[in-house]
Amino acid sequence: MAARFSLTPDAYGYGHAIGESGDWAAWLLLTTLAVTPLRLVFRRAKWTGWLLKRRRDLGLASFAYAFGHAAIYLWRKGSADMILDELSAPYILLGWLAFALFLPLAVTSNDRSMRIMKRSWKRLHRLVYPAAVLTFVHWALSAFDPTTAYIHIGILAAIEIVRVVLQRR
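In the numbering used here, the protein residues as written are 1 to 169.
Hints in this document: simulated from the structure, not taken from any laboratory.
Do not take every clue at face value.
[As the list claims (entries may be wrong)] Derived lysine-lysine pairs resembling BS3-like cross-links, with alpha carbons at most 27 Å apart:
{"no.": "1", "residue 1": "K118", "residue 2": "K53"}
{"no.": "2", "residue 1": "K122", "residue 2": "K46"}
{"no.": "3", "residue 1": "K122", "residue 2": "K53"}
[Claimed, not checked] Using C-beta positions, here's what the derived DEER-type ranges look like:
{"no.": "4", "residue 1": "D57", "residue 2": "L124", "range": "14 to 24 Å"}
{"no.": "5", "residue 1": "S79", "residue 2": "R169", "range": "27 to 37 Å"}
{"no.": "6", "residue 1": "A71", "residue 2": "I161", "range": "28 to 38 Å"}
{"no.": "7", "residue 1": "A45", "residue 2": "A71", "range": "35 to 45 Å"}
{"no.": "8", "residue 1": "D111", "residue 2": "P90", "range": "34 to 44 Å"}
{"no.": "9", "residue 1": "P104", "residue 2": "A157", "range": "19 to 29 Å"}
{"no.": "10", "residue 1": "Q167", "residue 2": "W121", "range": "14 to 24 Å"}
{"no.": "11", "residue 1": "W75", "residue 2": "R169", "range": "40 to 50 Å"}
{"no.": "12", "residue 1": "R43", "residue 2": "W121", "range": "41 to 51 Å"}
{"no.": "13", "residue 1": "W47", "residue 2": "L87", "range": "37 to 47 Å"}
Glycine is no exception: its CB is placed at the ideal position from the N, C-alpha and C atoms.
Modelling step: build the complete structure from the supplied sequences, incorporating the hints.
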C-alpha cells in the first residue's frame, strides 16, 4: 500500500490510501475480537488455539494500520491548525478518541507489561470494546456510503453478543 502510494501518488491518491489503511485496521480489529467467540463456539477445534496464539499479532497489526491511517491523515493536512480545526467534526473526533484508546493497548501488548500490570492489564485491555465501537462509528460517519460500515457494525455486534452469551455459561 505504501509502495503503491509513493510510486504512483496521482493514480493511488489520498482517498485510496486513507480508505485502505482504515479498512485493514477495521478488518484486523474484527478478526482480533472474533477470536474469543470462535474459541467458545468451537471449543475442541485445534485451529482456535492457533488463532488464540496469534491474537496479539492480529491486534498489533490492526494498530499498525490504524497508525498508518492516522499518519496519512496528518501528512495530508500538514498543519496543526488544520488538524485542530477539524476536531469539531464528530467523525474526526471519534477517530482520534479510538486511536487514543488503542495506543496504550498497543504499548502494553507484551509479556512484560502483563507481568508488571497483573490484573490491571486485563482491565486496561477491555478498552478494546469501546475503542471498537468508536472505530466503527468513525467509519460510518466518515464514509461516502456508510452501508459497508453498518454491515461491519452488525458483525461487531454479533461477535460481542456471542462472546457475552457464551462467556456467561
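Going down the list of hints, with the structure as the test:
1. K118 / K53: holds, 19 Å
2. K122 / K46: holds, 25 Å
3. K122 / K53: holds, 17 Å
4. D57 / L124: 14 to 24 Å: holds, 19 Å
5. S79 / R169: 27 to 37 Å: Given about 53 Å between the Cβ atoms, the range is violated.
6. A71 / I161: 28 to 38 Å: Holds: the Cβ-Cβ distance is about 34 Å, inside 28 to 38 Å.
7. A45 / A71: 35 to 45 Å: holds, 38 Å
8. D111 / P90: 34 to 44 Å: holds, 38 Å
9. P104 / A157: 19 to 29 Å: holds, 25 Å
10. Q167 / W121: 14 to 24 Å: holds, 18 Å
11. W75 / R169: 40 to 50 Å: holds, 47 Å
12. R43 / W121: 41 to 51 Å: Hint violated: Cβ distance 25 Å, outside 41 to 51 Å.
13. W47 / L87: 37 to 47 Å: This hint holds: roughly 43 Å between Cβ atoms.
The structure fails hints 5, 12 (numbered hints given earlier, in ascending order).
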